[in-house]
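Student: Given next are the chains, with one letter for each unit.
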Amino acid sequence: MNTFEFLLHGLSIAMQPMNLLYALIGVTLGTAVGVLPGIGPALTVALLLPVTYKLDPAGSLIMFAGIYYGGMYGGSTTSILLNTPGESSSIVTALEGNKMARAGRGGPALATAAIGSFVAGLIATIALAFIAPFVVKLALVFGPREYFALMVLAFVTVSSAFGDSTLRGLTSLFIGLALATIGIDQLTGQARLSFGVPDLLDGIEVTTLAVAMFAIGESLYIAAQGDRGPDKVEAVKGSVWMTAADWARSWKPWLRGTAIGFPIGAMPAGGAEIGTFLSYATEKRLTKHPEEFGNGAIEGVAGPEAANNASAAGTLVPLLTLGLPTTATAAIMLAGFQQYGLQPGPLLFATNPQLVWGLIASLLIANLMLLVLNLPLVGLWVRLLTIPKPWLYAGILLFATLGTIGANPSPFELGMLLAFGLLGYVMRIFGYPIAPVVVGLILGPLAEQQLRRALSISQGDMTVLFTSPIAAVLLTIAAAALIVPLILRARGRGEVLSQLAASED
Amino acid sequence: MKQFLIASILAGAVAFSASAADYTIIAPANPGGGWDQTARSMQTSLQQEGISGNVQVQNVPGAGGTIGLAQFASQSNGNPNALIVGGYVMVGAILTNKSPVSLKDVTPIARLTGEYEAIVVPAESPLKTFGDLVEALKKDPGAVSWAGGSAGGTDHIAVGLIAKAAGVDPTKINYIAYSGGGEALAAILGNQVTAGISGYGEFESQVKSGTLRLLAVSSDARIDGIDAPTIKESGLDVVVQNWRMVAAAPGLSDEQKAAVTADIEKLAKSASWQETLKTKGWQDTYLAGPAFEEQLAKDISATETILKEIGLVQ
Numbered sequence: 001m002n003t004f005e006f007l008l009h010g011l012s013i014a015m016q017p018m019n020l021l022y023a024l025i026g027v028t029l030g031t032a033v034g035v036l037p038g039i040g041p042a043l044t045v046a047l048l049l050p051v052t053y054k055l056d057p058a059g060s061l062i063m064f065a066g067i068y069y070g071g072m073y074g075g076s077t078t079s080i081l082l083n084t085p086g087e088s089s090s091i092v093t094a095l096e097g098n099k100m101a102r103a104g105r106g107g108p109a110l111a112t113a114a115i116g117s118f119v120a121g122l123i124a125t126i127a128l129a130f131i132a133p134f135v136v137k138l139a140l141v142f143g144p145r146e147y148f149a150l151m152v153l154a155f156v157t158v159s160s161a162f163g164d165s166t167l168r169g170l171t172s173l174f175i176g177l178a179l180a181t182i183g184i185d186q187l188t189g190q191a192r193l194s195f196g197v198p199d200l201l202d203g204i205e206v207t208t209l210a211v212a213m214f215a216i217g218e219s220l221y222i223a224a225q226g227d228r229g230p231d232k233v234e235a236v237k238g239s240v241w242m243t244a245a246d247w248a249r250s251w252k253p254w255l256r257g258t259a260i261g262f263p264i265g266a267m268p269a270g271g272a273e274i275g276t277f278l279s280y281a282t283e284k285r286l287t288k289h290p291e292e293f294g295n296g297a298i299e300g301v302a303g304p305e306a307a308n309n310a311s312a313a314g315t316l317v318p319l320l321t322l323g324l325p326t327t328a329t330a331a332i333m334l335a336g337f338q339q340y341g342l343q344p345g346p347l348l349f350a351t352n353p354q355l356v357w358g359l360i361a362s363l364l365i366a367n368l369m370l371l372v373l374n375l376p377l378v379g380l381w382v383r384l385l386t387i388p389k390p391w392l393y394a395g396i397l398l399f400a401t402l403g404t405i406g407a408n409p410s411p412f413e414l415g416m417l418l419a420f421g422l423l424g425y426v427m428r429i430f431g432y433p434i435a436p437v438v439v440g441l442i443l444g445p446l447a448e449q450q451l452r453r454a455l456s457i458s459q460g461d462m463t464v465l466f467t468s469p470i471a472a473v474l475l476t477i478a479a480a481a482l483i484v485p486l487i488l489r490a491r492g493r494g495e496v497l498s499q500l501a502a503s504e505d
Numbered sequence: 001m002k003q004f005l006i007a008s009i010l011a012g013a014v015a016f017s018a019s020a021a022d023y024t025i026i027a028p029a030n031p032g033g034g035w036d037q038t039a040r041s042m043q044t045s046l047q048q049e050g051i052s053g054n055v056q057v058q059n060v061p062g063a064g065g066t067i068g069l070a071q072f073a074s075q076s077n078g079n080p081n082a083l084i085v086g087g088y089v090m091v092g093a094i095l096t097n098k099s100p101v102s103l104k105d106v107t108p109i110a111r112l113t114g115e116y117e118a119i120v121v122p123a124e125s126p127l128k129t130f131g132d133l134v135e136a137l138k139k140d141p142g143a144v145s146w147a148g149g150s151a152g153g154t155d156h157i158a159v160g161l162i163a164k165a166a167g168v169d170p171t172k173i174n175y176i177a178y179s180g181g182g183e184a185l186a187a188i189l190g191n192q193v194t195a196g197i198s199g200y201g202e203f204e205s206q207v208k209s210g211t212l213r214l215l216a217v218s219s220d221a222r223i224d225g226i227d228a229p230t231i232k233e234s235g236l237d238v239v240v241q242n243w244r245m246v247a248a249a250p251g252l253s254d255e256q257k258a259a260v261t262a263d264i265e266k267l268a269k270s271a272s273w274q275e276t277l278k279t280k281g282w283q284d285t286y287l288a289g290p291a292f293e294e295q296l297a298k299d300i301s302a303t304e305t306i307l308k309e310i311g312l313v314q
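Protein sequence lines, in the order shown, are assigned to chains L and W. Reading the first sequence from the start, the letters are residues 1 to 505 in the working numbering. Reading the second sequence from the start, the letters are residues 1 to 314 in the working numbering.
Heads up, some of the hints might be wrong.
Stated by the list, open to error - Capping the alpha-carbon separation at 25 angstroms, the derived lysine-lysine pairs in BS3-like fashion look like this:
#	chain 1	residue 1	chain 2	residue 2
1	W	LYS164	W	LYS139
2	W	LYS164	W	LYS308
3	L	LYS137	W	LYS128
4	W	LYS138	W	LYS172
5	L	LYS137	W	LYS208
No lab work stands behind these hints: they were computed from the structure. Note that the structure is a prediction, hence the values are computed from the model and not measured.
Use the sequences and the hints to build the structure in full.
Tutor: So, in structure tokens, the structure goes:
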């Protein structure tokens, strides 16, 4: 059988009614657990994996794929509606998505997230099937210096994309970078800034910080406004569905997000959140509605959500071709495969084609089920916002706390949740953007580790950072991203930039 | 709203699972890692074999397991239903993190599984044998970069022991720590480092497909089915095993300890556990009672010595 026949065979198995039912159950369970803030796809899958053990391999893989995609999408739903990102890769979604929900456009935000996830998942899964062996070769070329250059690029693009004031954005970013140095230094095993508190040894959990800054900070801010705050949010303004204009503004970000997310997910040290950051920065730069960014631009939801899902499929590239689990979720998947005596690795496509193609077919089906389950529910989800404000925010606090406890049952973690919630509140009052703090916490350790690894391998020779062609190209793009806007600004910013925007398509 | 209800029920199950369980096993690591897999495999076998009706696994990740260990020691005192999974990495982490809680503060029950270290180089590497690698290390320790797991963990300790046995200053080794075997594997495959060291299972499929060359394994004698010499054969007296164990809560009576030990022995001898060992590729290293306690004490003092020599512990 060739590639196509394997895929068709896999699809025909996955389309059997019982298997479709398993997919539906998986997606439903995954979404239900995934909506809890602080519980990301990894924990969702770990909790629900035993459920799949009772089924035959095909049914189990399909339910598993459903749980995985469901868990990912559940995180986006709470990000958009409640501003409580369930995992680091849906933080960016909360930025624009929640603003849209607050403006009565929660329906289109959820829909563009669901359809974008579907489109990205579809393209990325097909890419996984056909070009995985080539992508993985490219990904392995990335060593510490190339990753460091990629992080530099991410820093430059991201810090210019959040908020209007560069100074405030950078201040927030550096708060995040400072928090990132807490904990055991991975390269030497020595504790830094932990002040003898064992709970700090492992550093600050990204989801705890994100849930605290977004959900707790927001709740405090609203509560402090008392009756002076804006009245109940208008749940639905205009159509609950995407309008023609929404479609027109969404499809290009979906495709761009996929193109950014898939290769980054395939890199062993890429990480889904970096794809979402780069996608957000790209959309903000290319949009024809720059004034809407920060106030609920649909591109800012469509792009990162697509990037997020594409990178999840990208994660499977090193997993299936090399047996490399590069994320916690992938590691759990590996454990799931082993139940069937399946050892992912370079020979997997040759020795177990049925199961591999069965998995890829399952992912396609699960992706479709996700759309089937969630699109009709958009109207229902949106009505969450009509809950009176005191109840709504009490509920958000409850779920934020439950999620944090569920992920890490310790009183200290709850204390951190509260402390960072207060920090988020103070930063809101003084007009500092929240997202760069979380971005700093995620990117800081990655950049530091890769830089030190590169220098350790070269025994301290700094020139290695520039002598690799890939690193050189990435650093040049980063430098251009930093310098070009300055030049444009100096030469009469408005005209040139708007011309650039106008000639974009 | 229905989904929210389901979600909150599930969350409740997560948060309050401890009260309903016959055994609660703490996996002091993130989902997906070795300790998590050990705990979840124990859960499956304990339930399947009818040793325990209801087993819950709880992840308390961080700092080489010392965060989970500290929480376990303080919260489970005298609770005969609480278990924690741990291993050799924890022994090192307790020392490097200056953890206030050590394995003395819990009740070690038994060693369950183990895995030997494998030393590999990329297929295109000029180093053909373990002897070549040792020669390169003797010539310029800094020029030989080793990719492996977390700093102070089994992989790092093994490299330190190899250097010491070869007469090279262990503080001079150029060890590049990665968060897990997977990320390290990518660096080795991408030819970013000189050599790689990790559990054999991490490298198995790559070695079989010929993309990595297996130079040596850290066992006492050659392992069936693995075509590689031991480190010992090359004249360096280094044997390292990354073992995993299970411990019970502190403050148990002798009867309670005996009951837990009996349950674990039943588990280790059960058909489903033996099956799990086979599918996961884990060695059965079951050892309990005084023999285990003696071995544990020996491992702890040997680890402390080498970590001091590498310079990770003062």
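Student: Broken hints, numbered, in rising order?
Tutor: none
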